[in-house]
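> Protein chains in written order, with this note's numbering: chain A, 1 to 213; chain B, 1001 to 1349; chain C, 2001 to 2207; chain D, 3001 to 3395.
No wet-lab data here; the hints were simulated from the structure.
Here the structure is a predicted model, which means the values were calculated and not measured.
Be careful, since some hints might not be right.
Said to hold, decoys possible - Here chain A is said to cover these stretches of chain D; the calculated rule only asks that three of the stretch's residues, wherever they fall, bring their Cβ under 8 Å from a Cβ of chain A:
id	segment
1	3077 to 3088
2	3101 to 3107
3	3275 to 3281
4	3367 to 3376
Claimed, not checked - In silico lysine to aspartate or glutamate, EDC-like type, Cα no more than 16 Å apart, as pairs:
id	chain 1	residue 1	chain 2	residue 2
5	A	LYS151	D	GLU3071
6	D	LYS3167	D	ASP3190
7	D	LYS3103	C	GLU2114
8	D	LYS3322	D	GLU3050
9	B	LYS1154	D	GLU3050
10	C	LYS2175	D	GLU3071
11	B	LYS1154	D	ASP3190
Said to hold, decoys possible - Listed below are several chain B residues computed to face chain D (Cβ distance under 8 Å; list not exhaustive):
id	residue
12	ILE1056
13	GLN1057
14	SER1058
15	ARG1059
16	GLY1118
17	ASP1120
18	VAL1229
19	GLU1237
20	SER1238
21	VAL1241
22	LEU1314
23	ARG1316
24	LEU1317
25	ARG1318
26	VAL1319
Cβ coordinates follow ideal geometry from the N, Cα and C atoms, glycine included.
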Amino acid sequence: MAAETRGPRRNPEEAFNAVGDHIGGDREQLLSFGTDEDLASVVQPGSDLVILAQVQSLFRWAQLSSIWPMTFGLACCAIEMMSAAGTRYDLDRFGAGAMRATPRQSDLMIVSGTVTAKMATRVKRLYDQMPDPKWVIAMGSCAIGGGPYFKHGYHVVKGVDMMIPVDVYVPGCPPRPEVLLEGLMRLQDKIRGKKGRLVRPKWIDDYITRIPD
Amino acid sequence: MEAFQQMLSQAGWAQGMQPWALSGLAMLFAGGTILGGVAVGAMFFIWTERKVAGYIQSRYGPMYVGHFHGVLQSIADGVKLLLKEDIWPTDADKFLFRIAPLLVFTGAFLSFVVLPFGPDFVGASLDIGLFYAFATSSLVVMGVIAAGWGSNNKWSLYGAMRGAAQVISYEIPLGLAVLPVVMSVGSLNLGTLAEAQRGWLWSWHLFNPIFFVSFVIYLISSLAEVNRVPFDLPETESELVSGYHTEYTGMKFAFFFLGEYADMFVVSAIAVSVFLGGWYTGIPAVDAFVPAPLVFILKSVFLVFVQIWLRWTLPRLRVDQLMYVCWKVFIPLSLANLFIYGLIRSMVG
Amino acid sequence: MTPAEVEAGLREVFGDRILSSSAVEEGRDTAWPRRIDVAVDALEEVCRYLRDSQGFDRLLCVSGIDYEGYDESGKGKHIEISRYEEDGSPTPTKPGSGDLAVVYHLHSRAHGGEVAIAARVRRTEPKVPSVGQVWPTALWAERETYDMYGIEFEGHPDLRRILLPEDWEGFPLRKDYAMPSRYHDVPLEGAPLAVRTSPREVREEKE
Amino acid sequence: MILPKLQHAPASRPGDRARTMKSELLHINMGPQHPSTHGVLRLFITTDGEVVHSVTPYIGYLHRCAEKKAEGNTYHQYIVYTDRMDYLSAMNSNWGYCMAVEKLMEINGMGVEIPEYAEYVRVIIAELNRIASHLIAFGTYGLDIGAMTPFFHALREREAILNIFEKVCGARLMYSYYVVGGVKWDIPPDALEEIELFVKLFPDKLREYNELLTTNKIFVERTANVGVIDEDLAVAYGCTGPVLRGAGVKWDLRKDQGYSIYDRFDFEIPVGGGDMGTVGDCWDRYWVRMLEMEQSLAIVEQALQQMPREGEIMAEMPRRLKIPNSEVFFRSECPKGELGFYILSDGGDVPFRCKVRSPAFHNLHVIEEVGAGQMISDLVATVGSLDLVLGEIDR
Chain A
1 MAAETRGPRR NPEEAFNAVG DHIGGDREQL LSFGTDEDLA SVVQPGSDLV ILAQVQSLFR
61 WAQLSSIWPM TFGLACCAIE MMSAAGTRYD LDRFGAGAMR ATPRQSDLMI VSGTVTAKMA
121 TRVKRLYDQM PDPKWVIAMG SCAIGGGPYF KHGYHVVKGV DMMIPVDVYV PGCPPRPEVL
181 LEGLMRLQDK IRGKKGRLVR PKWIDDYITR IPD
Chain B
1001 MEAFQQMLSQ AGWAQGMQPW ALSGLAMLFA GGTILGGVAV GAMFFIWTER KVAGYIQSRY
1061 GPMYVGHFHG VLQSIADGVK LLLKEDIWPT DADKFLFRIA PLLVFTGAFL SFVVLPFGPD
1121 FVGASLDIGL FYAFATSSLV VMGVIAAGWG SNNKWSLYGA MRGAAQVISY EIPLGLAVLP
1181 VVMSVGSLNL GTLAEAQRGW LWSWHLFNPI FFVSFVIYLI SSLAEVNRVP FDLPETESEL
1241 VSGYHTEYTG MKFAFFFLGE YADMFVVSAI AVSVFLGGWY TGIPAVDAFV PAPLVFILKS
1301 VFLVFVQIWL RWTLPRLRVD QLMYVCWKVF IPLSLANLFI YGLIRSMVG
Chain C
2001 MTPAEVEAGL REVFGDRILS SSAVEEGRDT AWPRRIDVAV DALEEVCRYL RDSQGFDRLL
2061 CVSGIDYEGY DESGKGKHIE ISRYEEDGSP TPTKPGSGDL AVVYHLHSRA HGGEVAIAAR
2121 VRRTEPKVPS VGQVWPTALW AERETYDMYG IEFEGHPDLR RILLPEDWEG FPLRKDYAMP
2181 SRYHDVPLEG APLAVRTSPR EVREEKE
Chain D
3001 MILPKLQHAP ASRPGDRART MKSELLHINM GPQHPSTHGV LRLFITTDGE VVHSVTPYIG
3061 YLHRCAEKKA EGNTYHQYIV YTDRMDYLSA MNSNWGYCMA VEKLMEINGM GVEIPEYAEY
3121 VRVIIAELNR IASHLIAFGT YGLDIGAMTP FFHALREREA ILNIFEKVCG ARLMYSYYVV
3181 GGVKWDIPPD ALEEIELFVK LFPDKLREYN ELLTTNKIFV ERTANVGVID EDLAVAYGCT
3241 GPVLRGAGVK WDLRKDQGYS IYDRFDFEIP VGGGDMGTVG DCWDRYWVRM LEMEQSLAIV
3301 EQALQQMPRE GEIMAEMPRR LKIPNSEVFF RSECPKGELG FYILSDGGDV PFRCKVRSPA
3361 FHNLHVIEEV GAGQMISDLV ATVGSLDLVL GEIDR
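Extracted from the complex, chain A is given alone in its bound form (with noise of 0.2 Å):
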């Protein structure tokens, strides 16, 4: 299934990303894990091959476990993502408290703010310097699609999903820290592949349905 996603790799050595550093080419096949539909065509039912699953769920629960963002600040909505990992919100509470200064090492990069023509190719460069499994979340408006620079923003990317692909948007100007607790844990639902338990509490169902027509 890496094979199909990511074409094939003759020589594992001169496996390069996109800012021209080597990869291990021999460890994509772990990295690629696909999607439930390439699982299912592997793992049968009732067949031995059914602990693949479980090895699976188990890369799964580590990865959205400790989700390391990078310390990358842009602008007003850094502030924000420092008080979430501050005493009040705790992002660590998350295991995505250890928050990385080098992008090699991180596995979130949270764009919190507005991004520019000067600094978009630096997003993207660091984008391209993480290493794989990575996730992008779009915190705040300016990330998002500009924001209130939209309209006379000469110098403003109007949304960092035209430089780097974006996995998570978390709206507000600036979010609140809950907001972006929410997008983390709504990243997690992602990595998990389904919503999971912290997200939508019993009482909530029971409120719904108790709401008439």
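Position chains B, C and D against the provided structure of chain A, taking the given hints into account.
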């Protein structure tokens, strides 16, 4: 290792084995146990670090991974790091870049062999144990230099140079500090050093005024030896991004991480066996029924906790100040300490 | 020292090279602090004089102004301040013709006076002497004015763009500036290039 | 123990060492993504070993066209953008802009009388925001020096202030609370109680910070005698705020220009006195901020006592503000320094030109002068002590 050999020779299935096979098997067992212990211990310390940091900063730290206070956090981190993509910079020195994390981890791991967890629980009861431990733990700095040079990154290079200068300098007060104790006991064997502190609490070397000075010098120098705050100059996050391991990803980075925490335990354990009474509780009556390894490990963990505590409280020194403290304060002080102890011994006898 | 005294002193020394000061009409001062327009060639001397003889030791701010479309009659007609250019090059459709100006706001710690010195230049020949030798802080402020208005400061040791990238085209705070639609390979407007979605979420959306 | 004063390596000349050894200077980019540049500042440094030869700041990575936006938004609408300049002290930026517009109206004879109650509300909220801003400065400075914990403690107390702001205007960071002619909402009674509680509890926390960081031996050694900006340098480079006051200059617009109702309060202007080293070193700038928090607290306390129980929060204002041809340059004392607005109007409802004189822009300029000859660690300490906010530098 001897304990393993003994256990094996008593086991029924190993009765017919050749002595060399038996000792080889024992070696494997001992090595495996230590390796597992190092890895699990380091993971535990990483979790502790995050929880203690959380407590000091009025946060919780990891809470949800593993349901109870994030106990599985380090395992999740480890598995995740294992799955990360492996990147090395195009112009990196590939050999050095690859071997550096192994050097760091091996250096930390080798020292475990001589740590006396109890009278019988020691990997290899070497007569030059202390000497060996210092020698192997300075292998770490080889890894740091290899990482910094091999990464082809200027920040890494800075980290490596700082690390080299720092570790080489602090080896000296570290070695000099324990010398009075060695003189007193007359052995470099860590087990013997611990054995010498049998009895009541005040027979610990810590409570001897001369040895107390040694202990303080040792404790502070050991912080520099394992690159912890306030001496974490090789990886100063606010100056050198991540220092010597800036370019490392995934498992290679994890080895640095594990190595650092294992090293913390090693220096603590040496301090325990040299100064803090080894596996003795300080009350002879209690010693009889408390398992020795437990006491030893608890004491070491406490010293590790002290290191963590300092890290989250203190700021960091500058390079020249670090060197100043070593060469102009600690080395003269430890030399004077050694001299005074020698003088007293020769006079008192 | 009041602004009027400063102005009187300046007129004494520089004569008619002091062009005008902000109009005082019917007891109403239209500028605060008092703004004194000086001839461009006298600017550096005036600044030096103000610093050395009048005690204006602090330069607070250097501002550029583009007078294109400025309504002297006070109606404030609306001007289209920016457009996107389809081909991405910021060439204005209708080049402006108004003057450019540089305003220096000075302050004296000695007597607490504030005064503004202004120099007005033609749009076709935007050249002003640099006062970086008088107040070092002007070096960056002038770079910013150059960056935004294209006013060249003669004698500036290092006149480069400061906020925008070095190869940026056009001067964005001019009123006839047209916004570029891309800068090299960075799109400044348009649709997202790629949005990463897992097949599962797509399927959920379909249902 | 007394640590030595750093002896800088003499500047090496090319031919000097070439005979013995081939050596060259190392060029490093610090930023735009670097943990200690407080955002997206890029410092291009040339180093000889650990010693920095030259520093060239490159800014503009957060240039958000704020001045262009001013020309397309009405006077009222532009308040929103002043929030996003100095995002750590948005209330003060709001206030500075509003006062500039009020001054512009005043010189055109359209003066508005700000209700007394509103003035008190403005002062209280602005001073609280000054504390919040200085708390971040304190915390991130700790991070730069290598102490992580003060940062989290500072965030903890900042949350208390943000709680108050949330009750007052519903926002945590971007308030847009001040409007031309007054403030937007009244302070709810429970927020007032919370402010009183905060005033009561905060001095203890300040003491805790001083124990944790200010008087820490390592911290003092790292910051005293480092990055000295003396009076001449500070004035020549247009430094303001704590950078200027840290250099020993007693200059604070709240006292010296006396805007709003600051003349009714009794407070000190803390200046750097070289308590730990030289006047104008990093420690002085840091210490001035710590003392300013105390003074702000005193102002809040007095304002709470003097404040009328109730009153108007806003003067009568035209919905569509049109100001005849005129210009104004108005400065106010923000946590980072003097924030000035130069507004040129031409009769329309949008400013014809609005230039922002940002304090951090001028404060940063001085790093070119101070940074050379330091060690890398000291450069980090110096940049941190300037308390930069890139949103304001790049606008």
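> It remains to establish, for every hint, whether it holds in the given structure.
Structure-based check of all given hints:
no.	hint	verdict
1	3077 to 3088	holds (count 5)
2	3101 to 3107	violated (count 0)
3	3275 to 3281	violated (count 0)
4	3367 to 3376	violated (count 0)
5	LYS151/A x GLU3071/D	holds, 12 Å
6	LYS3167/D x ASP3190/D	holds, 8 Å
7	LYS3103/D x GLU2114/C	holds, 15 Å
8	LYS3322/D x GLU3050/D	violated, 57 Å
9	LYS1154/B x GLU3050/D	holds, 12 Å
10	LYS2175/C x GLU3071/D	holds, 9 Å
11	LYS1154/B x ASP3190/D	violated, 54 Å
12	ILE1056	holds, 6 Å
13	GLN1057	holds, 4 Å
14	SER1058	holds, 6 Å
15	ARG1059	holds, 7 Å
16	GLY1118	violated, 37 Å
17	ASP1120	violated, 42 Å
18	VAL1229	holds, 6 Å
19	GLU1237	holds, 6 Å
20	SER1238	holds, 4 Å
21	VAL1241	holds, 6 Å
22	LEU1314	holds, 6 Å
23	ARG1316	holds, 3 Å
24	LEU1317	holds, 6 Å
25	ARG1318	holds, 5 Å
26	VAL1319	holds, 6 Å
Of the numbered hints listed earlier, those contradicted by the structure are 2, 3, 4, 8, 11, 16, 17.
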